[in-house]
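Chain order of the listed sequences is A and B. Heads up, the first sequence is in my numbering, so the first residue is 1 and it goes up one at a time. Heads up, the second sequence is in my numbering, so the first residue is 1 and it goes up one at a time.
Calculated from the structure, these hints are not laboratory results. Each hint should be verified, as a subset may be incorrect.
Copies of the same chain are indistinguishable here, so a pair counts whether it falls within one copy or spans any two.
[Stated by the list, open to error] For lysine to aspartate or glutamate, the following EDC-like pairs were computed, each having C-alpha atoms within a straight-line distance of at most 16 Å:
(1) K142 to D131
(2) K50 to D80
(3) K3 to D136
(4) K96 to D111
(5) K96 to D79
(6) K3 to D90
(7) K50 to D111
(8) K50 to D5
(9) K96 to D124
(10) K142 to E83
Protein chains: 2
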Amino acid sequence: MPKLDLDTIPQSNATGYPGDYALPVQGRWYRRLAPASGIDDFGVSHVVLKPGAWSSQRHWHEGEDEFVVMLSGEAVLVDDAGETVMLPGDCAAFPKGDGNGHVLQNRSGADCAFIAVGRASQTDCHYPDIDMHLTDGRFVHKDGSSF
Amino acid sequence: MPKLDLDTIPQSNATGYPGDYALPVQGRWYRRLAPASGIDDFGVSHVVLKPGAWSSQRHWHEGEDEFVVMLSGEAVLVDDAGETVMLPGDCAAFPKGDGNGHVLQNRSGADCAFIAVGRASQTDCHYPDIDMHLTDGRFVHKDGSSF
Numbered sequence: 001m002p003k004l005d006l007d008t009i010p011q012s013n014a015t016g017y018p019g020d021y022a023l024p025v026q027g028r029w030y031r032r033l034a035p036a037s038g039i040d041d042f043g044v045s046h047v048v049l050k051p052g053a054w055s056s057q058r059h060w061h062e063g064e065d066e067f068v069v070m071l072s073g074e075a076v077l078v079d080d081a082g083e084t085v086m087l088p089g090d091c092a093a094f095p096k097g098d099g100n101g102h103v104l105q106n107r108s109g110a111d112c113a114f115i116a117v118g119r120a121s122q123t124d125c126h127y128p129d130i131d132m133h134l135t136d137g138r139f140v141h142k143d144g145s146s147f
Numbered sequence: 001m002p003k004l005d006l007d008t009i010p011q012s013n014a015t016g017y018p019g020d021y022a023l024p025v026q027g028r029w030y031r032r033l034a035p036a037s038g039i040d041d042f043g044v045s046h047v048v049l050k051p052g053a054w055s056s057q058r059h060w061h062e063g064e065d066e067f068v069v070m071l072s073g074e075a076v077l078v079d080d081a082g083e084t085v086m087l088p089g090d091c092a093a094f095p096k097g098d099g100n101g102h103v104l105q106n107r108s109g110a111d112c113a114f115i116a117v118g119r120a121s122q123t124d125c126h127y128p129d130i131d132m133h134l135t136d137g138r139f140v141h142k143d144g145s146s147f
């Protein structure tokens, strides 16, 4: 059956972010739809942000494109250009290597949900606002030292 | 600016389907979001189906995964398992090579819209209901003869 029963797909708020950097994503509940549905050309996540939650720390990938489409509720897209409200049906694309860190923040009093499409990180990821960097699949300080 | 202004992205109902096989997709109006936004790891289309329109002829790809999420309106997903109503927020995945032909049909009286994610067809595509086949990037009859 191609239609997915989201309720049967495990939902997680797990994160590899170290220490307090994990706090903004504690209310980010995601389902990995690609492994659950037998596709692997790209990754697809169904993400619910509880009030106050962020999609991630603000970041950009050196080598992986990302795309999001809002399904319900309201989020604020923060990037180098400023802040942009995202409503259901709104789409945003984040080209690899563009150096423009981005994050979705739920500043509303209700859940919001979106679909995110991308690929597993195989390149460095940059976090312009915090002393964190992703390289070789692990988070380190910007000077390369371990957490 | 990562948020896409859909109104500025060209909309097309073009199809390569030969003859009358093109009729069900005349009311399929799509925007190619990936080239418009600078991403190329995967393709993303924003598709509006007018009342009566189909997303495609029923088909399955040998080598490309597909994923859709409904944004508005209502469509009927037809595949080997039967018919399934798709409403806003509903997701469906179509794994490559599964042999299960699929199509979204708008049988309602209003437009519906969805996002489709995939990759450009580089393998054969099979159309179980009609005498058409995609191979080497062109449509032929099932016996390999030209239209």
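Which of the stated hints cannot be reconciled with the structure, identified by number in ascending sequence? As far as the earlier hints go, 2, 3, 4, 8 and 10 are violated by this structure, in ascending order.
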